[in-house]
Structure formats: C-alpha cells, structure tokens
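**Student:** Sequence:
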Amino acid sequence: MAEEQSSSHGPAIEIENLDFQYSDRPVLNNVNISVPQGACLAVIGPNGSGKSTLCKILQGILTPPKTATTRILGHPCGSQEACRAISYCADNDHLPQFLTGAEFISYCLSLRSPAPLKNRDLREATADIFERLGMAGRHNDLMESYSHGMLKKAQIAAALLAHSPVIISDESLNGIDIEAQMTIEDALLDHIRQGGTQIICSHDFAMLDRCATHVAMLDYGNLVEFSTVDQLRARHATIRDLIVGYMGLEGDGDGRD
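For reference, each letter of the sequence shown is one residue, going 1 to 257 in UniProt numbering.
Warning: the hint list may mix true and false statements.
Taking CB as the label site, the calculated pair distances span [what the hints assert, rightly or not]: (1) Ser79 - Asn119: 25 to 31 Å; (2) Ala237 - Gly175: 26 to 32 Å; (3) Ser147 - Arg233: 35 to 41 Å.
The set of hints was computed from the structure by calculation and includes no laboratory data. Just so it is clear, CB atoms sit at the ideal spot from N, CA and C, and this is done for glycine as well.
Starting from the given sequences, assemble the full structure and let the hints guide the process.
**Tutor:** Next up, the structure:
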C-alpha cells in the first residue's frame with residue numbers, strides 16, 4: 001500500500017460541518033461523516049441529492065467553505081497529499097481516446113510518487129488486469145475503439161493498479177458486464193481487506209450490500225442516515241430497504257428524477 005495509508009492511523013475520511021451551494025442553490029447541508037481506514041462507505045440517495053458533489057469535494061475539484069473540515073487520511077482535501085492518496089472512477093467515459101489502454105494506465109500511474117509499478121512489471125500487470133476484466137489483448141488498442149463498458153473498466157484497472165489508499169467510485173460499474181463486475185467486486189474487497197478505503201456512490205444496492213461496511217444516505221443535501229451496515233441491518237434487512245422505506249417507494253423504484 002501507498003505511504004499515505006501506512007503513515008496515518010486516524011480516519012480515512014473526515015467531513016465536519018460541510019455546507020455547499022452552487023450560486024444560491026444549497027446542495028449539501030451540515031454533513032458530518034467519519035470513516036475508518038479499511039472500510040467501504042456506500043453513499044446512496046435519490047438523483048440530485050448531492051452524492052456527486054460530495055465526491056468532487058473529496059477529490060479537491062470543488063472547494064468547501066472555510067467553516068467546513070474535509071480530510072483524506074488527515075490531509076485537507078485538495079492538498080497534494082490528499083490527491084496522491086486517492087483514485088477516482090467517474091460515472092462517464094470521457095477518457096483520452098488517442099491513447100492505448102496501456103498508455104492510459106502508464107500515464108495515471110506516472111502521476112504517483114513513487115510510481116507503484118514500472119516498465120516490465122507495469123506491462124505485465126496491465127496485460128493481466130485487462131485479461132481478468134474480459135479485455136484480453138486489448139490493452140494495446142487505442143481507447144477510441146473501446147465500448148462504453150470497456151472505458152469504464154480501463155478507469156477501474158488504473159485505480160486498482162495504482163494501489164491508492166482511497167478509491168472513490170461514482171456509478172462507475174454501470175454498463176459493465178456481470179462477469180467483470182464480479183471480478184471488480186472481488187478486487188475491491190481485496191483492497192479493503194488490505195486496509196484500503198472505498199467510497200462508492202451507486203444505485204446498485206445488491207452490490208453495496210456485498211461490499212459496504214458503512215452507509216451514508218443523502219436527500220436534498222441533508223445527511224438523513226449515517227451508520228455502519230451492522231447497525232443498519234439491526235433495523236433494516238438491506239441497504240435497498242433503507243432507501244425504499246425512507247422514500248416511501250414500492251416495487252423496484254430506486255430514486256426520483
């Protein structure tokens with residue numbers, strides 16, 4: 001694991017008194033979350049509840065007000081130390097189409113200091129993870145030839161090979177075939193068992209039930225639930241039951257537009 005992870009024994013994620021708004025529209029209201037290292041936080045809620053905004057703040061893309069505290073492994077979000085500690089898998093496939101998959105992964109890992117893999121080790125690891133994700137031999141192809149699902153797999157492959165202490169995933173498993181999803185879930189669980197921390201925003205409640213140790217539910221920017229999954233299961237059968245019960249939904253609905 002990366003140095004940032006082993007050098008800190010405090011929480012992986014600290015969020016205190018977090019408010020955020022776009023122009024005059026409030027998006028997050030007094031959010032307080034603390035997640036230990038080696039945990040998986042499921043961030044759930046209807047569309048427009050503030051999940052993606054929270055992810056962008058943790059990455060340092062958006063700057064919270066000075067009254068808020070946001071830290072990754074003890075470092076302020078947006079600082080070099082915090083940015084080096086995280087990998088981000090987006091909900092879109094906006095990747096550099098002019099690179100091959102191997103070049104994309106090499107570029108991502110070159111941003112690490114020190115790089116977790118180099119030269120022959122990196123080439124072998126890239127070929128191996130592409131094969132595990134059902135893309136055998138495609139790592140040397142230009143990404144302009146990749147499907148939507150393959151582009152998402154390339155992001156996840158880069159995050160896993162970077163050995164980042166914290167991986168943030170925003171709907172990144174959407175559009176990925178079931179066999180690759182199972183492989184990715186196994187890899188994410190291995191990352192957690194080795195002390196890594198996951199933050200997963202998703203409407204795939206079955207996957208979250210298998211991976212999550214903590215759950216945070218947002219609604220209109222308010223943190224309406226934050227607990228461990230064990231605490232949750234004492235009151236609700238599954239993560240899906242939590243949001244269905246809160247929203248008063250029936251059937252298979254999982255959010256409002």
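**Student:** Are the hints correct? Go through all of them and say.
**Tutor:** Checked hints:
{"no.": "1", "hint": "Ser79 - Asn119: 25 to 31 Å", "verdict": "holds, 30 Å"}
{"no.": "2", "hint": "Ala237 - Gly175: 26 to 32 Å", "verdict": "holds, 28 Å"}
{"no.": "3", "hint": "Ser147 - Arg233: 35 to 41 Å", "verdict": "holds, 37 Å"}
Violated hints are absent here; each numbered hint is respected by the structure.
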